[in-house]
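With chain D fixed as given, assemble chain F onto it according to the hints.
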Amino acid sequence: MYQNQYSQQQRMSQPPAVLSTKDNAYLTDALSWELLAVKKAHSFASQCSDQQVKHQLEQLCQLHQQHYHTLLNHLSNNQQDYENQTYPHFHN
Amino acid sequence: MNSNRSSYGSYQQQRYGGSTSPTMKNPSAHFEKGTEFNDRDRLNDMLATEKWLTDGFNVFVRETSHQELYNDVLHVLTETHHACRDVFNLMFEKGWYSLHPEQPSHIADHYQKFSGNESQFPSHGTGSYQYLSGVGQHPRYY
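In the order they appear, the protein sequences are chains D and F. Going by our numbering, the first residue of the first sequence is number 1, and it counts up by one from there. Going by our numbering, the first residue of the second sequence is number 1001, and it counts up by one from there.
Hints are computed from structural coordinates only; laboratory data are not their basis. Given the structure is predicted, the values throughout are model-derived calculations rather than measurements. In this text, a Cβ means the ideal position worked out from N, Cα and C, and glycines have one as well. Take the hints with a grain of salt, since some may be wrong.
Said to hold, decoys possible - For the chain D half of the interface with chain F, some residues (derived, Cβ under 7 Å), not all of them: (1) Ser20; (2) Asn24; (3) Ala37; (4) Gln56; (5) His74.
The shape of chain D in the complex, shown without the other chains:
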């Protein structure tokens, strides 16, 4: 069904900015990995006596929070685009 709709339009050189089912599955996996890394780094940092190690773990905690937001952004962007029907070839 989708194939017919695509063939009537201009040929695409790259996939459109729409999340695939696989993207969604990987994103949710990766978000769980990042959350675990955030919690682990935070927990370890609080238990450390060496200040240099503690600082490094706190930095890692921050980094994984940033990564979490980067990834989460793709889930929220896609929702908006989908509702606004920016990609009409999916909604003929």
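Frame of chain D; chain F shown alone:
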């Protein structure tokens, strides 16, 4: 900043020819050596986590659909590699990680062999590969 730094290159050049393998290692920083989980264990565990994450994101980035997602996941992968590197460097600085230099004669042997293998290249063109895709690039589709 750190008194350990003065002995950074403490391995001895003249031991290369001998049978004992020299080590490139800092004096070990203090850590609790009991049964409890210590600072070194925590850093080691976090390094294992970062390594594991790079494996996961490597598969993820290869499977992404559109360019923007690809760019972001590749960026996360790169930063996770840098995080691994930072932890590794800190462990080395703490003296919790040692390396052993290869004997120069062994390296020279391999250089000889593989520089000879270059003659098997089908061509010696001067051009370089032009990427059609990559971080920060928005080719063709956009």
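Against the structure, the hints:
Because the smallest distance between the Cβ of Ser20 (chain D) and any Cβ of chain F comes to about 4 Å, under 7 Å, the interface hint for this residue holds. Taking 7 Å as the C-beta cut-off, the interface hint given for Asn24 (chain D) is violated, the closest approach to chain F being about 10 Å. A distance limit of 7 Å between C-beta atoms decides the matter here; for Ala37 (chain D) the minimum to chain F is near 6 Å, and the interface restraint holds. Because the smallest distance between the Cβ of Gln56 (chain D) and any Cβ of chain F comes to about 5 Å, under 7 Å, the interface hint for this residue holds.
Below 7 Å, beta-carbon pairs count as interface contacts, and His74 (chain D) has one with chain F at about 6 Å; its hint therefore holds.
In terms of the numbered hints stated before, the structure departs from hint 2 and from no other.
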